[in-house]
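Enquirer: Each chain, written out:
2 protein chains.
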Amino acid sequence: MVIAIVQLNYHIGNFEENTKKILDNLNKAKNRGADLVVFPEITVGGYLAKDLFRYKSFLDACDASINEIAIACEGIACIIGAPVRTQLTRAKALYNSALFLADGKVQEVVHKTLLPDYDVFDEYRYFEPNDVFKCIDYRGVKIALTICEDLWNENFPSLYKEDPMAKLFQDAPDVMINIAASPFSETHFNTRQAVMTSHIRKYKLPAFYVNTFGAHTDIIFDGRSLVYNKDAKIVDVLKGFEEDLRLYEVTDKEITSVEVTTSYEELSNIANIHQALVLGIRDFFQKSGFKKAILGLSGGIDSAVVAALACEALGSANVMGVLMPSVYSSEHSLKDALDLVKNTGCEHEIIAIKEATEALDSMLAPAFKGKESDITEENIQARVRSIILMAISNKHGYILLNTSNKSEAAVGYGTLYGDMAGALGVIGDVFKTKVYELARFINRNGVIIPENTITKAPSAELRPDQKDSDSLPEYDILDAILDLYIEQEWSAAEIISKGYEKELVFSVIKLVNGAEFKRFQSPPILRITRKAFGAGRSMPLVAKYPF
Amino acid sequence: MVIAIVQLNYHIGNFEENTKKILDNLNKAKNRGADLVVFPEITVGGYLAKDLFRYKSFLDACDASINEIAIACEGIACIIGAPVRTQLTRAKALYNSALFLADGKVQEVVHKTLLPDYDVFDEYRYFEPNDVFKCIDYRGVKIALTICEDLWNENFPSLYKEDPMAKLFQDAPDVMINIAASPFSETHFNTRQAVMTSHIRKYKLPAFYVNTFGAHTDIIFDGRSLVYNKDAKIVDVLKGFEEDLRLYEVTDKEITSVEVTTSYEELSNIANIHQALVLGIRDFFQKSGFKKAILGLSGGIDSAVVAALACEALGSANVMGVLMPSVYSSEHSLKDALDLVKNTGCEHEIIAIKEATEALDSMLAPAFKGKESDITEENIQARVRSIILMAISNKHGYILLNTSNKSEAAVGYGTLYGDMAGALGVIGDVFKTKVYELARFINRNGVIIPENTITKAPSAELRPDQKDSDSLPEYDILDAILDLYIEQEWSAAEIISKGYEKELVFSVIKLVNGAEFKRFQSPPILRITRKAFGAGRSMPLVAKYPF
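Respectively, the protein sequence lines represent chains A and B. Here UniProt numbering is used: position 224 in the first sequence is 224, and no number is missing along the way. Here UniProt numbering is used: position 453 in the second sequence is 453, and no number is missing along the way.
Some hints could be false.
Unchecked claim - Residues on chain B that point at chain A, a partial pick, calculated with CB under 7 Å: (1) Ile12; (2) Thr217; (3) Phe368; (4) Glu489.
Unchecked claim - Straight line, CA to CA, 30 Å or less: simulated DSBU-like cross-link-like pairs of lysine-lysine: (5) B:Lys531 - B:Lys544; (6) B:Lys395 - A:Lys369; (7) A:Lys239 - A:Lys142; (8) B:Lys92 - A:Lys161; (9) A:Lys50 - B:Lys92; (10) B:Lys395 - B:Lys342; (11) B:Lys518 - A:Lys395.
Calculated directly from the structure, the hints in this document are not laboratory data. Bear in mind that the values here come from a model prediction, so they are computed numbers and not experimental data. Note that beta-carbon positions come from the ideal geometry of N, C-alpha and C, so glycine has one too.
So here's chain A without its partners, still in its complex pose:
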């Protein structure tokens, strides 16, 4: 039997375009001799369409698409993920299902058993878990078909009672197929391999792990589908962050031939992050129907890195950098920003903010009588810049990119409605220390981020001679503590026991907790770690925290 597996980039709710893509790939697979073509989890409708799943018209459109795909299944069978109505009186409305289509109709439906409900996942909100286990018999080959999390019973720390693969194994399968929507994070590709090989070693079966690819606002899927033989050796890895369709012949529990063999080259962590962020920007714009991005260029490293990523994603002609010097801006800042404009080839404007900040200072003078200048005046500068960016965005149809990094988002080192504004947080899940790594990576074939931007001490330049290190610990120490508190979810006592100074740990955690209300109003952030701010980390706002 020849099995084709497909990674394609769907657009949630865009049934016309998605169905066309699916049919194109189905026909391509058929023409190249496939008996069966496999698409990822909820390719129909889109993972995750969230509360759109609660609208009848949306589910009707899913059914219509499934019907259209089934009709095309003549001479080829298809496995594809879709939401399927439960039709039960005592259950949630939907299953997260894999449909087996052949001879023009739906032949079998398999439902997902293990529903993730941690981090960015909330599948119990929509889906009823499966409790029926049966392999699919197709042309004499028995397929143990599972959906994403169904194989994660052993490997995920939040453990499950059910073991779907063990149940299916009782039915004597010849091959395992898992259709997935597994998001990118720095460590996830390795974890997926561990998950797959543990099952293959146990059941001695060849296995196909068919992952989706594409970015949906904050969540980025990386593809990199996996194909294993029964000895748990990798036969093939599909492309990272790209569409792909490949064919394999399976005979007697063995993958006997591979149509396309492009040897997979594992990239460095920073190269993968770079690809993920570029895809994240590109898909955000394409899928929301916009072309052009705007951002403020301070001469600092965060805006420089975001500008470079945006130029790569959208083309430099579609990126507008706005330089907005104040009386506190150093001369090198303007020069560094202009060097970046030259290196990237993006558009630019220079608009000094003095006139507006002076007007506001004078308007507010009576209300501020007798008060010293403080952080208020710094925030006014940041907010005037955001008005300028949003005004150009409104007038010319640009989308504002947010340039806050994860370290400053964590400790609240940013101005709400000021530099925290934007439609998409590009590097909001990248710690400052890693922003430097990204800058070096972007410069790998020649200088794009000016050297001075990389080497100078970070500063918000909101008052004379300000440095980030005036208010914050050095970034390598700060990022290490933040990683333990946010990503590893350690308590203060545990972090201190690791050797960090008590006062420092307390003060960092206090800053993080105190900034929950700011982050609540942040734009969506491209997720590249296993714990990004946003949907994956849900904190009460008015709680009393330990500090």
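Given chain A's structure and the hints, the job is docking chain B onto it.
Expert: Same frame as chain A, but now just chain B:
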């Protein structure tokens, strides 16, 4: 047996204060002769502490609090809700539990079976469901103890397979006790009564429904605990939106005496909404440690209603209204706003925005060359006002209240980082038509909201002679369509079949869908309907919607 039930307002994570309150009430109940005192769901830790539940130090603090309460249980028993570690290798970390404490220690632990995962609830994120059913035997009385959703198997549209009360009934109980954290919404008090009476009619047992009270950012709990006799007649209703402790004697499956009988007076819907919003504001400030609120006063009805609610919640001396006229502001606007200031007694400032908008217009002129004035200039006005409000807030320690109503939040009739700014959305779940009802209610004992504010045509006053009805349908029609699309989750075709004009329905739904990205960055909104914007309605941002 004398059973005391307690509603108290805890502060999530504030173990010291919460434990003290619990012990005070426990001792009060004991001194008044109670054998058993019952507190609501997760009173220890706080419902819902969200991802704080993932921190070991938080769970350790819960355990320490439970221990302290148990030690106080001499001569009285206690039922109290708390998160309890599962200690299982194949389960989530926690149960949502009810602990039975007596003789100085934890005697029994009952876990929640039905975990809600719809609307604002995501209990599967944290909790493992229960599968063991056993009544608690205390001094010869058998208690069927359940936790909130456990009784909602029949009455909630999203149905459950398990029926916890049916299982417990096999153990021959004498009384039902349900400890709950059931949030306020317009319709929820009636639904709760239906849930309770359906069980009581089935099992012919007296029942105590012990609900929590207090607001936690967006979610407001209303108390109004319910006490029923076995004939399904209400014996008592505890106070709405207030602390309460009451005692009842139970003999032979009958409530034979009630210590305090204050007859419950059911308030009008608008009176309950008013109470909920006042509590929402008060708790937001108290629990985040702030005293003073600031808001912009336009002379319009939204800001007037929010100012009146804030004055009631915080005292008028703690409320600052800022009048920020522009060249487009009508004379009556300033007068209406000043009348409101006079009527409420709040503080005020007048700061005209002309100087800053002119400065920005002149700074942006080169970038806007050849372009007509459009919505950009309107947004600049709204954003200058937000800079002024945030500056005074930063300088003087005020918290900015957001005054957007649900109708405009729905259709995106507001400026991001402008009038959409603020720490708390006070009327973001109140449709415009209901804002008028609220205004009339606030004026029930005399004019607070100026009559002209109520009777004039709504206008944003961002360009000459602007009226809301220039861009939007009349609010009664708009709100009716929004209710069907957002609260009832009807598709366009279903709404049209109800008799609304097709083009109008399409255009409204298109506006709602197009504003998802704006609402994503909204402040938290006080929830008063069964479907508020925020955590209860989760939509993808880059999806293609039907319109």
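Enquirer: All hints, please: hold or fail.
Expert: Hint by hint, here is what the structure shows:
At its closest, the beta carbon of Ile12 (chain B) sits 4 Å from a beta carbon of chain A; the interface hint therefore holds under the 7 Å criterion. Interface hint at Thr217 (chain B): satisfied, since its Cβ lies 4 Å from the closest Cβ of chain A, which is below the 7 Å cut-off. Against a cut-off of 7 Å between C-beta atoms, the interface hint on Phe368 (chain B) holds, since the closest Cβ of chain A lies about 6 Å away. At a threshold of 7 Å, the smallest CB-CB gap from Glu489 (chain B) to chain A is about 5 Å, leaving the interface hint in force.
For the given pair, Lys531 (chain B) sits about 22 Å from Lys544 (chain B) by alpha-carbon distance, which is consistent with the 30 Å threshold. Simply put, Lys395 (chain B) and Lys369 (chain A) have alpha-carbon atoms about 11 Å apart, close enough for the 30 Å limit, and the pair holds. For a cut-off of 30 Å, the pair hint linking Lys239 (chain A) to Lys142 (chain A) stands: about 27 Å separates their Cα positions. For the suggested pair Lys92 (chain B) and Lys161 (chain A), the alpha carbons sit about 10 Å apart, so the restraint of at most 30 Å is met.
Note on Lys50 (chain A) and Lys92 (chain B): the hinted pairing holds, with a Cα-Cα distance of about 23 Å set against a maximum of 30 Å. For the proposed pair Lys395 (chain B) and Lys342 (chain B), the alpha carbon gap of about 25 Å is at most 30 Å, so the pair holds. A hinted pair counts as satisfied when its Cα atoms are at most 30 Å apart, and Lys518 (chain B) with Lys395 (chain A) qualifies at roughly 17 Å.
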